[in-house]
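Numbering (UniProt numbering), first residue to last: 1 to 114.
The hints are simulated quantities; they were obtained by calculation from the structure and are not laboratory data. It is possible that some hints are incorrect.
[Stated by the list, open to error] FRET-style restraints, in silico, Cβ to Cβ: (1) Gly16 - Gly66: 33 to 43 angstroms; (2) Val21 - Thr89: 31 to 41 angstroms; (3) His64 - Pro9: 29 to 39 angstroms; (4) Pro28 - Pro51: 30 to 40 angstroms; (5) Ser107 - Lys12: 19 to 29 angstroms.
[Unchecked claim] Calculated cross-link-like contacts (lysine to any residue; reagent style SDA-like; alpha-carbon spacing at most 20 angstroms): (6) Lys81 - Lys30; (7) Lys42 - Pro11; (8) Lys42 - Val61; (9) Lys30 - Gly70; (10) Lys23 - Pro11.
We put the beta carbon where it would ideally sit given N, CA and C, even for glycine.
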Amino acid sequence: MGLLDVLEPVPKTKSGKVTIVAKLKINPEKQTKFEETMATAKQHAYSDKEPGTLTYRVSRVLDHGGQPTGEYIAFEEYLDKTALMTHATLPHLQDFLADQGIIASVSLDFVDEI
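Kindly produce the complete structure, drawing on both the sequences and the hints.
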């Protein structure tokens with residue numbers, strides 16, 4: 001199953017925007033690659049390559065001692081489904097997702113502002 005399979009169907013929201021909150025567990029030996037890829041994705045998200053990306057934030061989860069847990073939270077907001085699919089089909093993300101050893105687990109929720 002690929003990323004596009006996980007993203008379908010995209011629910012309709014009152015605002016028309018598509019907002020995703022994802023929680024990812026990254027395999028320890030791949031965390032550096034993950035963070036580098038997310039930095040590249042963020043640069044693209046805030047460039048003219050992705051005009052429909054409104055917010056793209058990925059944060060590292062810390063334990064109570066301030067140490068990284070290997071889990072990450074992504075908050076992504078897109079103007080519409082077309083903007084989401086533009087982001088999801090970019091070559092650097094497709095190459096990253098082709099490496100099956102990076103993501104240990106992922107949960108993905110679509111959300112809507114109240």
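Q) Which numbered conditions among the earlier hints are violated in the structure presented, ordered from lowest to highest? A) 2, 6, 7
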